[in-house]
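*Asks:* What follows is each chain in one-letter form.
There are 2 protein chains.
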Amino acid sequence: MSLSPVSSYQPLNEQTVKELAFKLNFFEEDADLSCQEIGDGNLNLVFQISEKGKNAIIIKQALPYAKVVGESWPLTVDRARIEADALKLQQIHAPDLVPQVFHSDELLAVTVMEDLSSLNILRTGLINRNPFPYLAEHIGTFLANTLYFTSDYALHPFKKKEYVKNFSNPELCKITEDLVFTDPFFNSETNDFEEELLPLLKDLWNNFTLKLEVAKLKKSFITESEALLHGDLHTGSIFADENQTKVIDPEFAFYGPIGFDIGQFFANLTFQAITREDTEGKEEILTILSDTWNVFSETFSQHWQESGDAYTKVNGYLEYVLNKAFQDSAGFSGCELIRRTAGLAHVADLDGIPEKDKRLNAKRKSLSLGRELILNRHTLSSIGELTQLIRKHSS
Amino acid sequence: MSLSPVSSYQPLNEQTVKELAFKLNFFEEDADLSCQEIGDGNLNLVFQISEKGKNAIIIKQALPYAKVVGESWPLTVDRARIEADALKLQQIHAPDLVPQVFHSDELLAVTVMEDLSSLNILRTGLINRNPFPYLAEHIGTFLANTLYFTSDYALHPFKKKEYVKNFSNPELCKITEDLVFTDPFFNSETNDFEEELLPLLKDLWNNFTLKLEVAKLKKSFITESEALLHGDLHTGSIFADENQTKVIDPEFAFYGPIGFDIGQFFANLTFQAITREDTEGKEEILTILSDTWNVFSETFSQHWQESGDAYTKVNGYLEYVLNKAFQDSAGFSGCELIRRTAGLAHVADLDGIPEKDKRLNAKRKSLSLGRELILNRHTLSSIGELTQLIRKHSS
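Taken in order, these protein sequences are the chains called Z and X.
Per the working numbering, the first sequence starts with residue -10, numbered consecutively.
Per the working numbering, the second sequence starts with residue -10, numbered consecutively.
Okay, chain Z solo, but in the shape it has when bound (with noise of 0.2 Å):
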């Protein structure tokens, strides 16, 4: 079934990207293209073709291995396939807010894209105090609809079922399963930070029962199959300007707790409230973050309504899920934010602070912040106890 120009796996190169991309007749046979490669290289080959005048596609391509940890490890290119179909499943229910795919090639581990070059990376966005007017209303509603459809109470249970196997996804999850849960609460070979936050570090290290509650979290995250996951909604995984968001990159994409989406986005969104200077610029953001929370919930709510399962019918089954999704993202959020901060994988805006002072004084907030989002969780009972628990410890 498959159009593959070949017929094993190889890595394309901008001339055989080019051969691809007639083959499937994106272009006319005469067409003069212009590629290029974009991509940072990491885990995938990202070439952005055009002709003169047209819009662009992009062919994004798996590697078979990652440079995760300085050197590369293999890593398989199903990963494609599951990107490709978490693409098409999204796109059946948050239709405008993800790329569209256009074609998806199993054996190449390639799938052919919308180009959204014209737009920019969220993180940058927000680094550059761009405004996102409808960014809370896009994310809240992409949340609530891929998790929603994708769960018991939209799904047949042998449908459902169906997905768990599809997006089986282990080689992605154990790299989260280590990277966010696992190495930045021990003193891992993994870690990197500043000295100066060894003390504070050492702290976490030594709290078990900070320990104990990070093991229930990667319990939930390794057991609990509630919905498929995005498995990797930081800000760097959003295209988006003033009209327009797409969610993209879902290679980490597998069936997982709820809150773990909406803990990442709020993680990646709270390092905007710890290093934004003026109240205003920190209010922004809890705003959007609020806002994301209140749309995510109200729109789930009003899916909940359609549901077939007779439980859903139940007063109060609707308040537990929301509120086991809340608290799960409160704890979720607070290990994005300790792992960005000392694990291995860190983010622009800590570290694009250039004063080291500021940036360890940011890094410090971060670890503290991210360690009573972990031991309070349960403790928060509405979005605004929760944004004020940020307000506090990014003051």
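The hints are simulated quantities; they were obtained by calculation from the structure and are not laboratory data.
Any given hint might turn out to be false.
As the list claims (entries may be wrong) - Restraint-style ranges between C-beta atoms, simulated for each label pair:
| no. | chain 1 | residue 1 | chain 2 | residue 2 | range |
| --- | --- | --- | --- | --- | --- |
| 1 | Z | Lys154 | X | Tyr123 | 35 to 43 Å |
| 2 | Z | Phe11 | X | Gln80 | 54 to 62 Å |
| 3 | X | Gly297 | Z | Leu187 | 20 to 28 Å |
| 4 | Z | Lys154 | X | Pro120 | 38 to 46 Å |
| 5 | Z | Asn176 | X | Glu231 | 22 to 30 Å |
| 6 | X | Gln80 | Z | Leu96 | 53 to 61 Å |
| 7 | X | Gln80 | Z | Thr276 | 34 to 42 Å |
| 8 | X | Asn304 | Z | Thr276 | 34 to 42 Å |
| 9 | X | Glu231 | Z | Glu95 | 54 to 62 Å |
| 10 | Z | Asp267 | X | Asn304 | 56 to 64 Å |
| 11 | X | Trp62 | Z | Ser107 | 50 to 58 Å |
| 12 | X | Gly297 | Z | Glu26 | 34 to 42 Å |
Beta carbons are placed, not taken as given, at the ideal position from N, Cα and C, and that holds for glycine.
Following the hints, position chain X against chain Z.
*Replies:* Just chain X now, with coordinates in the frame of chain Z:
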């Protein structure tokens, strides 16, 4: 790779099953075999085949339908693969506690295994007041070994996720989802009960606090992949005598919450605590129940010490996991008590009581104890408190 004498699935009969036994070299060419079908015919054919003076073998074949609600509905024979694979894993971890599998064939949906007909079905044995001095030790060990060694605490995450996929069991799980967790808690057509129980059942159906708790237990059943469960561990799935215990029929096996297997076993013991009229008989059952938990938790805790997972060294995590399993098991046992009393599938412990008043009295106790277990499971902090609750409601 198959040794099947046929190229596609077809139900066996006493003639073709003998041919299969010869083909598989279980008997010499000239052996004079006797064969009888000893299954109940609802889901499977079970042939006992023997040569005079020698041990018999069992050839079990899944039928492509089930007679669960009085009429046949289609049901995948893939459950034979799941059962054989589950038996093989259980045999590794609890070698003397399951029948030996000699051969399995996916295409024919056939498993060839040890004949256990010298033992009794435990349910019948308990009703007849036979002694089972090793039951608690054996089932506690079976639970600890099969649940621990298929969990994330024992397995590499890739192997665990491979097992989750391999043991995806949507059709059999749906039977449990409907008949254990849903139908008995609503006025459903599949329910089956004496009309005298209707007032008590209406109380359950109108108890929204109860239904909310059942919704949470069902959510746990369908989303929490903690370990490979037997999935149907009632006293009719166990062969035993004074020395031996063998757990059979794991065709409902899937990755679910640890407390489910424990809870089903507890509930099916509890029917005996309810129906036995003498204190000594009741206490004998409560001792088995309590000893089973103690053997389970001690053995599970010993295995835990060998875990390579860094978080298993964190103080309090083992207690958290065991306490969750314990409280879950109380809740699941409550569901089992109710569904075996008023749902589709009944138990001989209750239905076999000839005197109507006594029978109804026992069923009322089952329903009210089931309700209490579901509602108060989170208040139970020790096995002594659980047996005390059962004692109170069964006297």
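*Asks:* State the violated hints by number, sorted upward, taking the hints as numbered earlier in the document.
*Replies:* 5, 6, 7 and 10
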